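Start from the sequences and build out the full structure, keeping to the hints where you can.
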Amino acid sequence: MNETVFFTGVIALPLLGALLATVWTRQARAIGIAATLGMVLCAGGLLLHVQQHGAVLLAIGGWQAGLGITLYADGLAVLMVLMSALVMFAASVYALKYFGSAQKHTAFWPLWLLLATALSALLLAGDLFNIYVTLELLGISAAALAALGGKREGLVSALRYLVVGLLGSMLYLGGIALLYAAYGTLNLQALATQLQAEPAAWAALLLLFSGLMLKMALFPLHFWLPPAHSNAPAPVSAALSALVVKAAFYLLLRFWLDLFPPVLTPWLANALGVLGAVAVLWGSWSALRAERLKLLAAYSSISQLGYLVMFLPLLVVLEGEARNLLLGGMVAFALTHAFAKASLFLSAGILLQHCGHDRIRELGGTTQRLPLTTFGIALAGIALVGLPPSGAFLGKWYLLDGAFSTSQWWWVIVVVVGSLIASAYVFRLLGHAFGHLKAVERPRVSGMQELPALLLALLATFGLGLGAAGIWPLVADRSGVIP
Amino acid sequence: MTINLLTTQELYVLSGVFLFTIGLWGTWLHAHYVRKIISLNVMGAGVFLILIALAYRGKDLLPDPLPHALVLTGIVVAVSATALALVIIRRLEDERDE
Amino acid sequence: MDAETLWTLFDLLLIISLAVLALVAVLSGDRRRSIVLFIIFGLLLALVWARLRAPDIALAEVAIGAGLGGALLMATLRRHQQTRDDFRHRPAWLQWSVGLLVMLLGTGMAWSLLLVMDAQPADWRLGAEAFAELDNSGVSNPVTAVLLNFRAWDTLLELAVLLAAILGIKALGKPEPAYVSENAFRDLALWLTPLLVLMAGYILWAGAHAPGGAFQAGALLAAAGIILRLAGKPDGGLPHNETALRLGLALGTAVFLLVALGVILAGNTLLQYPPDQAKWWILLIETAATLSIGMTLTLAFIGGSPTLAKDAA
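Chains as they are written, first to last, in the working numbering: chain H, 1 to 483; chain X, 1 to 98; chain F, 1 to 313.
Simulated from the structure, these hints should not be mistaken for lab results.
Careful, some of the hints might be misleading.
As the list claims (entries may be wrong) - The following label-pair restraints were derived from C-beta to C-beta distances:
(1) P91(F) x Q194(H): 42 to 48 Å
(2) N268(F) x F427(H): 56 to 62 Å
(3) L372(H) x A31(X): 41 to 47 Å
(4) S140(F) x G150(H): 46 to 52 Å
(5) S101(H) x V36(F): 36 to 42 Å
(6) W24(H) x W280(F): 25 to 31 Å
(7) G201(F) x Q51(H): 20 to 26 Å
As the list claims (entries may be wrong) - Cross-link-like lysine to any residue pairs, in silico, SDA-like; alpha carbons within 25 Å at most:
(8) K59(X) x A206(F)
(9) K97(H) x Q368(H)
(10) K97(H) x K151(H)
(11) K59(X) x K233(F)
(12) K233(F) x I89(X)
(13) K151(H) x R29(H)
Keep in mind that this is a model prediction, so the values were computed, not measured.
Using N, Cα and C, we set each Cβ at its ideal position, and we do this for glycine too.
What follows is the structure, given as structure tokens:
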């Protein structure tokens, strides 16, 4: 009964909130805060439940899996759900004061809560086709939110974002058709037991993965991300960069670990790893050359997702305890990126509102005017570079460890070079921000806006750095995946 | 009889694959977004055709209703996305006119 | 010629026309022609659905795919507009390499599907389970049983997708009067609109045991709204009160969600209707959904807000 409440709450609360906010526009803000706060509580409850009782399954409608749809929560899923709930809640608090006009708030909140619904529903889905529907809900609400920026440039990039997302969904749907043809089921667990190395599975893998790679902007399919993420309103950028691309990565990981092991070959794994490596180098190099803070943050997302993909080839090779360590490291890295990137985008929004621009060269005096925000940016920067005590440090540590223990030293070079470029772009940004100006007026700053960004950055660095130990026991036991 | 059934199903599945690929090609290469949307819809029709052809079991047997439900959902989702994309396009073209 | 040969000929004819229409719609150098061909393609596709014994989808395709999709596409066209779209400005190597890649993918898909069909001809897959549980679903149309009961979670989220799209459209604001008011339409609308509304009611009711259901019925309502709009009624029959409008758009998802959650209070799990009441809950959800779908699709065509559209006109 408890798990039914948590499962339902984490998806149904934001949906209920979206409906209320659609109709009762005057109270949209309060509804938004209440719904996302409820999400955090339910996600926390679900996490504790899984911690105590192991992975849980909910057969919707009481129908057997296959005919009916299941929701499924294991350690990996609940960590992602809690991550998305926390980021959505923090960004909601930030959004309270962000939009100037009542009209913008009316437009923002229902779509925002639909995005939250889509994230929870996607992360907990145990059915291939249901995932397709959640992907579409995610893509459409994300594109609609990205278009809220309103300017022509924003509309054009939102349109491109929508179309790219649709193309990804169509490729994904093609993969579903092949799997249903071959195995006669859509349930992930049933598929995992039946899937064999045969042409239908290879073709399905190709379609599902190319769809998801497009959605997560993996090099060379990354072209759409920088304009879409940098032109959206700040809270939207935060959710897009921290959560929406990561949802696609989560599915890729889930299929990689649970569905396609019979089909995976070292060649395929390494090819994917190479794409990740190129993304790391290209993304951080572009971030170093970016003129604007929001563009820097967007390019940095491309490189951070590249790191996550670099974990995949090692996960295939390693076994037992070493594999669990690596998996936990990867989750720590993903969580860190979510909090740090959301924080960075929220801070960029504050700078944009108070300086009227986010051109990195002209950010001098920021420390004097917005000390809290600058501190938040510095902490987020530490997390993005992967310095201790951030969770990303642990992630990179285990990535290097895995690469050494399997003598795949080339990944080590990529991690080292990527981290060096990352520290260069972070310190370049901080160098400008700490630049001293003689006469600066103190802007009207609302703590409601600065605080969420700072708290997220603290979570990314100290929170995850010190509390990461809880991750490993949660993700290690994946025996419940196949009953 | 079985051979004939097989060919009917195969014929339609193969034409579904054809629609899927031609739509993918168009989505990739067209520059104008209305054409991208049309191509995407052709691509979607291809997947739907594959699914419905798989569900078909001959003239005398009931088809598998599950793919039918999936395709119905797919059609509605596709038209929602198409509508949003087309309204953004209209809005962009209006701005250009002004 | 025996019946089998005739059927095969019919199949071949249908498939070849479908493929040619798709090819020309995608490749054509003129946008206007591409849109018209795409609408004809949708109508032909409906014929294919009917041929493959999928009447529910044939209905939806005519109303939603070809009808509404076509109307929306036509609305992007302006008078005296340059409509030449040539992809031939893309470098030749790109056209060829994309073509090659796509062909390889298509060949791989075709090959693997042929192997699968060879191994399991005419397989039921999940169909057997669906029919086994049909008596417990509350309806006798198996497609409705899947949509509103076995996989109702998909349908609930699908209604949320519709809501997200229409909210996105509303957020774009500023609808433009992209319609032509024709007097000829006005007489047509006079008798067509009530007919469409009546038909929508019938299709909604029939969906429990025959082809039809909320989506087809909603699309018919939208057709009525669009015809009203074309006949010179800018609001397409939608309420001018913003709250009423928003309530209508959210109603389908809201009723669905409340039923989904309400059954939990009765001691069941999410979306588990008490078997003896399933029929009535499904009918309630479908009725609300029909109304929302009709309003959503009409508003999508109008472009966001009925009142603003009127002022603009």
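Status of the hints after comparison with the structure:
no. : hint                          : in the structure
1   : P91(F) x Q194(H): 42 to 48 Å  : holds, 44 Å
2   : N268(F) x F427(H): 56 to 62 Å : holds, 58 Å
3   : L372(H) x A31(X): 41 to 47 Å  : holds, 45 Å
4   : S140(F) x G150(H): 46 to 52 Å : holds, 50 Å
5   : S101(H) x V36(F): 36 to 42 Å  : holds, 41 Å
6   : W24(H) x W280(F): 25 to 31 Å  : holds, 28 Å
7   : G201(F) x Q51(H): 20 to 26 Å  : violated, 52 Å
8   : K59(X) x A206(F)              : holds, 23 Å
9   : K97(H) x Q368(H)              : holds, 22 Å
10  : K97(H) x K151(H)              : holds, 20 Å
11  : K59(X) x K233(F)              : violated, 46 Å
12  : K233(F) x I89(X)              : holds, 24 Å
13  : K151(H) x R29(H)              : holds, 24 Å
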